[in-house]
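Chemist: Full structure from sequences and hints, please.
In order, the protein sequence lines correspond to chains Y and E.
Each step along the first sequence adds one to the number in my numbering, with nothing skipped, and position 455 is 455.
Each step along the second sequence adds one to the number in my numbering, with nothing skipped, and position 239 is 712.
What the hints contain is simulated information worked out from the structure, not anything from laboratory work.
Check the hints yourself; a few may be wrong.
[Said to hold, decoys possible] Calculated lysine-lysine pairs in the BS3-like style (CA-CA distance at most 25 Å, straight line):
| no. | chain 1 | residue 1 | chain 2 | residue 2 |
| --- | --- | --- | --- | --- |
| 1 | Y | Lys-41 | Y | Lys-386 |
| 2 | Y | Lys-259 | E | Lys-861 |
| 3 | Y | Lys-365 | E | Lys-475 |
| 4 | Y | Lys-25 | E | Lys-865 |
| 5 | Y | Lys-259 | Y | Lys-207 |
| 6 | Y | Lys-27 | E | Lys-860 |
| 7 | Y | Lys-37 | Y | Lys-385 |
| 8 | E | Lys-860 | Y | Lys-471 |
| 9 | Y | Lys-171 | E | Lys-861 |
[As the list claims (entries may be wrong)] Computed, partial: chain E to chain Y, Cβ under 7 Å:
| no. | residue |
| --- | --- |
| 10 | Gly-519 |
| 11 | Lys-523 |
| 12 | Val-531 |
[Unchecked claim] Across the chosen pairs, the derived CB separations fall in these ranges:
| no. | chain 1 | residue 1 | chain 2 | residue 2 | range |
| --- | --- | --- | --- | --- | --- |
| 13 | E | Gln-665 | Y | Asp-468 | 53 to 61 Å |
| 14 | Y | Glu-339 | E | Leu-500 | 38 to 46 Å |
| 15 | E | Leu-768 | Y | Leu-383 | 40 to 48 Å |
| 16 | Y | Glu-354 | E | Glu-489 | 18 to 26 Å |
| 17 | E | Met-573 | Y | Leu-364 | 25 to 33 Å |
All of these numbers come straight from a predicted model, not from anything done at the bench.
C-beta: ideal position from N, C-alpha, C; glycine also.
Chain by chain, the residues:
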Amino acid sequence: MNIFFILLPRFSSRAILIKMSKTIKLKRGFDINLAGKPDKKISSSTPSETYAIKPTDFPNITRPKLLVNEGDTVKAGSPLLYDKFMEDVMFCSPVSGEVVEIKRGEKRKLLEVKVLADKEIVYEDYKKFSPSDVAGLSREDAIAAMVKGGVWPNIIQRPYGLVADPSSEPKAIFISGFDSNPLAPDLAFQLDDKAQYFQSGLDVLKKMTSGKVHLNINGQAEVAQVFSQATGVEINKISGQHPAGNVGVQIHHLDPINKGDIVWTVTPYGVAQIGQLFIEGKYDASKLIAVTGSEVKDPAYVKTYVGAQVGKLAGDKVSGTNLRFISGNPLTGENVGQEGYLGFYHGQVTVIPEGDYEEFLGWLKPSATKLSFHKALGLLSFLNKKKEYVVDTNTHGEDRPFVVTGAFEEVLPMDILPTYLFKAILAEDFDDMEALGIFELVEEDVAICEFIDPSKHELQKLLRQGIDLIKNN
Amino acid sequence: MKALQNLFDNLKPNFEKGGKWEKFYTLYEGHRTIVFAPDSTTSNTGTQIKDAVDLKRVMITVVIAMIPALIFGMWNVGHQHFIATGEEATLLAKFGIGAMKVVPILIVSYAVGLATEFVFCVVRNHPISEGYLVTGMLIGLIMPATIPLWQVALATIFAVVIGKEAFGGTGMNILNVALTARAFLYFAYPGQISGDVWTYFGDKQPVDGFSGATVLAYGASAVSNGTDMMQDMAGHWYDGMFSFWNMFLGIIPGSIGETSVVMILIGALILVFTNVGSWKIIVSVFAGAYAMGLLFNAVGGNSYMMLPAHFHLVAGGLAFGAVFMATDPVSAAQTETGKWIYGFMIGILTVLIRVLNPAYPEGIMLAILFMNVFAPLIDYYVVDANKKRRLKRATI
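Modeler: Structure below.
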């Protein structure tokens, strides 16, 4: 019955089928309206001194093999490590400089490889191509250049949400051109001077699949030229509340993942970085990062490199104490602390207040300042959807069994029954997990369910447990 | 507030590992989190922020929704008392009598139920759940005002232990807990929960010609005596007692909270507006009952079957059951499609039991319990359809 929520335009048949692009309007979802959205401008900040690559950002790095030692000097784009089970794919240094620390955790688990950056970044030289050469390049050669040149980890494979296996061929590739998460950056603005390489990146990706490359743009907002003028791809318009911008939701409506299917997803930044590797012959990890959150003065973008230190990005724009520094957005990000480093896939830093306080009768008092999807007694945020809320990290309640029904379905615009899937994972029922659609989901897709859950389950972790179970089965 | 926090902080070491009341930590935590929303924060990975709602707030919303029915119920207990004894009384006097009967029932229901829960929480070492906030109120509202308190206590213990904790506590039960309590009394002590038990007399005598029968009892007797139910009702000793609007307003004998459809509908509005109760279930229960009523009208046979269908909607506990019992998310169907089927079947079964089964004048309790048992089966097929859609997609 959920298929009713996909409202194809009335005259969808011929004209649109020839163009093959789709317009999808999603009825369900919930926009989390937080204070501290970034302005579309670039502000200055003291550059981060050290940058880190964190193997923990990539779920399928299980046996990392280091290629450098402490004290080695590296260039931007020099390989730092690879995984034993994916030997070709290099994880490269975002900057040039000296490897100053190799941080390990329990059982010597590799946590961070830190590089102290040079003042002037020097790049490892990779082979350059003219845009017309790119067109003539074979798939194998393109892959070989990408896995070596550090851009490959931009390609995520579904099911499971892992760095793609270079020996696999996806049935299609999906790029979401907008981010609907709270405080999300503008993905086109974030391309900055990389925008010129975006089309070349698409041209490379087109070689990767005999299927289609889908570029999904926001149907409710003005779309940047870099996306609207892209060629050789299906441009689909998606509109709706969060998680409409999640590529997983888009795939579900465009060309869903069935058992045995493989699709790849890439962010626009990743596409541009791939293009740049071919055109400029370098792995350029420079990135515009949105510094957001209610505790940031004048939230805007800062120019830095992948793996920068989070506290440095926020700099002196942050006031107050007892804050949480999040790499990423408040739904899917990670609390890395002020000293921590930006995650490989993250395009934003969020600073919000910690919520480690008790509140007298907090479960009972009416409040117009607390944000809720629900309208239970005294939660008045539904009255004012335009208002930007300051939300801290308090859980507002304790872990409980599943009680409320039907709420997840209201925020997840997919024909999936989340509660049943979660229960199947808890029961470790492989058949049910598969039948209920675990292949179609990664953590970020259920983040909105985790946010609204009155029983306060950690659903993203639970989903990953299920994915790991089924992957290793 | 600081003082209270300090008090809790001072007590805390006793309840922590190694403290003298270590076993009772869950009780300590349960009470502290009622007074103060906890200071827990989100983990390092996963969502960094959480919605302001929690289960406590969901449950208290249901309790608030029941308050109109409760207040009206208290008044009505007093009102029925005074009309049955033929006295004039003030609003306050009616409330007084009502409160005297209703408040002890609620106190017993909450005290005994919570005590039972606490025992299980300590033994099983699981956190105190807020589900009983609602159950305690429900049990009170579905009892006749004349029920002996020890029976309330016994039924509550039975319901919490067998209906809920045996299955693993809140969220795991198959049957609605409050209805389990009522069903227990219904079969164990029928004398105090069926027949002429709805009106409280105290030490006074009823007026001449008094009958405490409910509409449903009128129906049953009309069928067995072969009389006309509508005429019997019109001939009630108290003029206009069983007119449609009087029943809608709820100024009739019955369980404490079930009589007033108006007050229940106010509760329904609260539940539906806050999205805490499923409107699909509420609407489909009423629709099912009405449809079955119409079907009986079409078939005919006896005067109960000919009872205008809309009377079924205001008689007995249908409205209360539809709004507060059938919508219990744990024991109801959990899929959105399933909720329609579940509710509709409850409506149908309620009227079916009322009209065709002379042994049970009221059908809503058994209908809901019956459909509680069937809800997982309904969901099974709805979930299965979802799985099949996914499979079918794969083979295209």
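Chemist: Checking each numbered hint in turn, tell me which of them this model violates, lowest number first.
Modeler: Result: no hint breaks.
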